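Start from the sequences, fold in the hints, and give me the full structure.
Chains A and B are the protein sequences, given in the same order. Those letters in the first sequence? Residues 1 to 309, by our numbering. Those letters in the second sequence? Residues 1 to 332, by our numbering.
In short, the hints are calculated from the structure, not lab data. Given the structure is predicted, the values throughout are model-derived calculations rather than measurements. All C-beta atoms in this analysis are idealised placements derived from N, C-alpha and C, irrespective of residue type, glycine included. Some hints here could point you the wrong way.
DEER-style ranges, computed between Cβ atoms [stated by the list, open to error]:
(1) A:G76 / B:Q192: 53 to 61 Å
(2) B:D196 / A:E279: 55 to 63 Å
(3) A:I182 / B:T3: 23 to 31 Å
(4) B:V257 / A:L302: 22 to 30 Å
(5) A:G147 / B:G184: 51 to 59 Å
(6) B:A315 / A:T38: 47 to 55 Å
(7) A:T38 / B:D164: 26 to 34 Å
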Amino acid sequence: MVSHPPVDNQELYRQMLRIRRFEEQVLDSYSRGIFYGTTHTYIGQEADAVGVLTCLNEGDIVVSNHRCHGHFLAYGGSMHTLAAELMGRETGVTGGRGGSQHVMWKDFYASGILGGTIPLAVGMAYAEKAHRRGRIVFAFLGDGTLGEGVVYESLNMASLWRLPVLFILENNRYAQTTSIQINLAGGISERFNAFAIPTDEAETVDVLEIYSIARFAVASVRAGEGPRALVLHTYRYAPHSKGDDTRDPQEVTRYRKRDPLPFHAKRLTSDIRQQIDSEVETEVAEAFRQAQADPLADPATLTPPVDIS
Amino acid sequence: MTTVLDALNNALYTCLTECEQVYFLGEDILDPYGGAFKVSRGLSTAFPDRVVATPVSEAGIVGLGVGMALRGLRVVIEIMFGDFIALAADQLINHAAKFRWISGNIARVPLVVRTPMGGRRGYGPTHSQTLDKHFLGVPGLRVVAVSALDDPAGLLRKAVLEDDDPVLFIEHKLLYQSPVIPIGGSAEFSIQRIGDRYPAYFLTVTGAPPPSLTITTYGYMAELARQAVKRLAFEHEVFAELVVLTEISPLDLDPLVESLTRTGRLLVIEEGSRAFGWGAEVVSQMVEAYGPGLRARRLAALDMPIPAAGPLEAAVLPDESDIVKAAMAMMA
Numbered sequence: 001m002v003s004h005p006p007v008d009n010q011e012l013y014r015q016m017l018r019i020r021r022f023e024e025q026v027l028d029s030y031s032r033g034i035f036y037g038t039t040h041t042y043i044g045q046e047a048d049a050v051g052v053l054t055c056l057n058e059g060d061i062v063v064s065n066h067r068c069h070g071h072f073l074a075y076g077g078s079m080h081t082l083a084a085e086l087m088g089r090e091t092g093v094t095g096g097r098g099g100s101q102h103v104m105w106k107d108f109y110a111s112g113i114l115g116g117t118i119p120l121a122v123g124m125a126y127a128e129k130a131h132r133r134g135r136i137v138f139a140f141l142g143d144g145t146l147g148e149g150v151v152y153e154s155l156n157m158a159s160l161w162r163l164p165v166l167f168i169l170e171n172n173r174y175a176q177t178t179s180i181q182i183n184l185a186g187g188i189s190e191r192f193n194a195f196a197i198p199t200d201e202a203e204t205v206d207v208l209e210i211y212s213i214a215r216f217a218v219a220s221v222r223a224g225e226g227p228r229a230l231v232l233h234t235y236r237y238a239p240h241s242k243g244d245d246t247r248d249p250q251e252v253t254r255y256r257k258r259d260p261l262p263f264h265a266k267r268l269t270s271d272i273r274q275q276i277d278s279e280v281e282t283e284v285a286e287a288f289r290q291a292q293a294d295p296l297a298d299p300a301t302l303t304p305p306v307d308i309s
Numbered sequence: 001m002t003t004v005l006d007a008l009n010n011a012l013y014t015c016l017t018e019c020e021q022v023y024f025l026g027e028d029i030l031d032p033y034g035g036a037f038k039v040s041r042g043l044s045t046a047f048p049d050r051v052v053a054t055p056v057s058e059a060g061i062v063g064l065g066v067g068m069a070l071r072g073l074r075v076v077i078e079i080m081f082g083d084f085i086a087l088a089a090d091q092l093i094n095h096a097a098k099f100r101w102i103s104g105n106i107a108r109v110p111l112v113v114r115t116p117m118g119g120r121r122g123y124g125p126t127h128s129q130t131l132d133k134h135f136l137g138v139p140g141l142r143v144v145a146v147s148a149l150d151d152p153a154g155l156l157r158k159a160v161l162e163d164d165d166p167v168l169f170i171e172h173k174l175l176y177q178s179p180v181i182p183i184g185g186s187a188e189f190s191i192q193r194i195g196d197r198y199p200a201y202f203l204t205v206t207g208a209p210p211p212s213l214t215i216t217t218y219g220y221m222a223e224l225a226r227q228a229v230k231r232l233a234f235e236h237e238v239f240a241e242l243v244v245l246t247e248i249s250p251l252d253l254d255p256l257v258e259s260l261t262r263t264g265r266l267l268v269i270e271e272g273s274r275a276f277g278w279g280a281e282v283v284s285q286m287v288e289a290y291g292p293g294l295r296a297r298r299l300a301a302l303d304m305p306i307p308a309a310g311p312l313e314a315a316v317l318p319d320e321s322d323i324v325k326a327a328m329a330m331m332a
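Written out as structure tokens, the structure reads:
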């Protein structure tokens, strides 16, 4: 089993703030017309990605979804290449081919098809078990994805073959604009339990609490004890995408009072906090400035995917 | 006599023997059953760790295969009936076909999804279809169809061991019991191979005069077309060149263009339903490539589901006589 260094509260705060400020800048940039396409921001859910991916080892795999910016930054992805991807620049993570929802870098894979990524994650875990390199798969999915049948096919196989995969279900309570109250029957943990996948559940904005739960689950998966699931009840403060928020504003305000960033920031001195705030502000500004100065993706680089033999 | 089934079974055995990264997954593929059509017989006994029986989850297992392939394994998946491939369409179109391209050629998806298509066995509307056309023209997905010609084992072996892109590998059910016809192994036909990995073949009746019609097809229809080409020669003195393709998407036009310079007439045959099919695309591309003056015609199944009863099924699917009739209509 791999041991983790003592938790670094400053680093947890910095990582959450990097996501928060990046995403706020993203939404702001759309209104200024410097982005192309769409986005799904992670504002409000930062403690999930940062708490869980603090347990990541070199070579571990992350499978993400349409709402992937937070996962990508917590994975160690660069703000500059992500901003450039959103701006359609040749320096983007995939040179402008994938855009916001299809970020691929090192062992990080994201796709915009809900649920379709879950058998991929299970297949990757199958391969890693065969390779015996000790790598595990972190597979993120949301409450909306529980409507996709292939998820259950995948949970069945993951459990059947005791594969090294951790499912992280972020329940932000809305599938786009539709509340789970009108699209989800039964419990969420019960779904995993039905496949004999041990599941931990947390209703918290505390990154330390999420980290400690994840650390235990990751150790178990890494030890070859089969898949596990984390069900994290969370909330997104921004719209599903850009202008499509039909939620009760009072509800959003209520959840905003339990913001994971100020919650964790209380553990830092105000000097340290201000220093991190200032450093992240500089990082975001520099990433966006650099991306905007980069050349647009060049159509001359487009190649057909498979060649005729 | 080697059948196409023997050849495909041998190919899988060879792949599993030659490369430890090869995994073979599917429903009901374990011995003693050995798969619904027996292509997998013996494999689970020889390679118990790398031949994996799966749940009945076509979408899940194709997705699983994509994930395995992205992480360094070479994966073969058997889908029991071609009709069930519709359940895995999302995985093939939205996932398998995308990753290499999105990643800028860094990721690889060496995945072969094998499946038996086709009718003429009375299995009815959901176990007899030729759904190939729904997967043609998907950027990033190759569609290969085995025929009885030359080296079916080599075709599958190359798809599994030498192709880093996802391949939908189509096996017509009636081919399984057909004998393999090696090049030079037929007294009736002169057979010429074009290309290497997924070849095309030119067939003409031995000793026939120069052809005046090009007939192109793939898979089991090539068997019916061979019989039709013989009848055309011996009963009607119409001499056709049969061009059998193995890579049906994307399409390499060169063999067809070459044949059309000899004939100027093209008959395209498929077992799938006619509307918006492979034939429509072949004719369109050939019109563009060949220019004005091309005479072209399609022969395909009727645009309706495949009935179960023998006479009804036969009425819907194109047969040898239909090929002869379509060819004669073009020569009139």
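Results of checking the hints against the structure:
Between G76 (chain A) and Q192 (chain B) the CB atoms are about 55 Å apart, so this pair conforms to the stated range of 53 to 61 Å. Checked against the hint of 55 to 63 Å, the pair D196 (chain B) and E279 (chain A) passes, with Cβ atoms roughly 57 Å apart. Checked against the given bound of 23 to 31 Å, the beta carbons of I182 (chain A) and T3 (chain B), roughly 56 Å apart, lie outside it. A hinted range of 22 to 30 Å for the beta carbons of V257 (chain B) and L302 (chain A) is consistent with their spacing of about 26 Å.
Separation of G147 (chain A) from G184 (chain B) is about 57 Å and conforms to the stated range, judged on CB atoms against 51 to 59 Å. A hinted range of 47 to 55 Å for the beta carbons of A315 (chain B) and T38 (chain A) is consistent with their spacing of about 50 Å. With their beta carbons about 31 Å apart, T38 (chain A) and D164 (chain B) fall inside the hinted range of 26 to 34 Å.
When the structure is compared with the earlier hints, a violation turns up for hint 3 alone.
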